[in-house]
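Protein sequences, first through last, are from chains A and B. The first sequence runs 5 to 115 under our numbering. The second sequence runs 81 to 193 under our numbering.
Source of the hints: derived by calculation from the structure; they are not laboratory data. Careful: at least some of the hints might be erroneous.
To be verified - Keeping only pairs whose Cα atoms sit at most 30 Å apart, straight-line, the calculated DSSO-like set for lysine-lysine is: (1) B:Lys157 - A:Lys7; (2) B:Lys136 - A:Lys17; (3) B:Lys140 - A:Lys59; (4) B:Lys185 - A:Lys61; (5) B:Lys157 - A:Lys59; (6) A:Lys61 - B:Lys157; (7) A:Lys7 - A:Lys17; (8) A:Lys17 - B:Lys185; (9) A:Lys59 - B:Lys136; (10) B:Lys185 - A:Lys7; (11) A:Lys22 - A:Lys61; (12) A:Lys7 - B:Lys136.
Unchecked claim - Some chain A residues judged to face chain B by a derived CB distance under 7 Å, without partners named: (13) Phe37; (14) Leu49; (15) Phe52; (16) Val100; (17) Phe106; (18) Gly107; (19) Gly109; (20) Thr113.
For every residue, glycine included, the Cβ atom is placed at its ideal position computed from N, Cα and C.
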Amino acid sequence: DVKVTQSSRYLVKRTGEKVFLECVQDMDHENMFWYRQDPGLGLRLIYFSYDVKMKEKGDIPEGYSVSREKKERFSLILESASTNQTSMYLCASKGVLNLAFFGQGTRLTVV
Amino acid sequence: GDSVTQMEGPVTLSEEAFLTINCTYTATGYPSLFWYVQYPGEGLQLLLKATKADDKGSNKGFEATYRKETTSFHLEKGSVQVSDSAVYFCALSDQAEGTALIFGKGTTLSVSS
Numbered sequence: 005d006v007k008v009t010q011s012s013r014y015l016v017k018r019t020g021e022k023v024f025l026e027c028v029q030d031m032d033h034e035n036m037f038w039y040r041q042d043p044g045l046g047l048r049l050i051y052f053s054y055d056v057k058m059k060e061k062g063d064i065p066e067g068y069s070v071s072r073e074k075k076e077r078f079s080l081i082l083e084s085a086s087t088n089q090t091s092m093y094l095c096a097s098k099g100v101l102n103l104a105f106f107g108q109g110t111r112l113t114v115v
Numbered sequence: 081g082d083s084v085t086q087m088e089g090p091v092t093l094s095e096e097a098f099l100t101i102n103c104t105y106t107a108t109g110y111p112s113l114f115w116y117v118q119y120p121g122e123g124l125q126l127l128l129k130a131t132k133a134d135d136k137g138s139n140k141g142f143e144a145t146y147r148k149e150t151t152s153f154h155l156e157k158g159s160v161q162v163s164d165s166a167v168y169f170c171a172l173s174d175q176a177e178g179t180a181l182i183f184g185k186g187t188t189l190s191v192s193s
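Go ahead and model the full structure; you've got the sequences and the hints to work with.
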């Protein structure tokens, strides 16, 4: 079975902290994505990566950065967490036939 | 840019009722179309897909047909179950490599017995 694994299901962080959300896929996919999900807003793309060390901004990159040092791992970094970054974060990877597979999500609360 | 519009919820149905969730899209090319489902507390799972006009995707009793002339990909199920209660997302992806999926805002379905 294909698998996308996010390192945490739930996180609570303090305002101003640097936060790392990790995502690992085992499907040898080129493309990986980070979305955030908020009620009434659906899924919004933060960043994506189409190859190792390559990244592209999505619709809402402000306050975030990403790292992709290895093909299987794509990290989302909140440089200085703020309360408006409290959200559900979803990682996905995409391979052939444009099929995307999602992790279970990380619910982040910034206090 | 490309976009997806789906009907707003919540949709509340009784068990065995017929379900339709409308989805329309705007795209410059010929995208692939998808329906994803999210059960409470979970990530998204692929429900079905279609890659070209007139293709019908189907899975678990759900169906959707890629209609290029109406730019639509409506989700249907003949008889819903309580276990179908979830959030449903319509999405598109350009056929080119290295492009992201674009999602609608999601439709919450609640089925009661």
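Numbered hints the structure breaks, given as an ascending list
Checked against the structure, the hints that fail are numbers 2, 3, 5, 6, 9, 16, 20, while the rest are satisfied.
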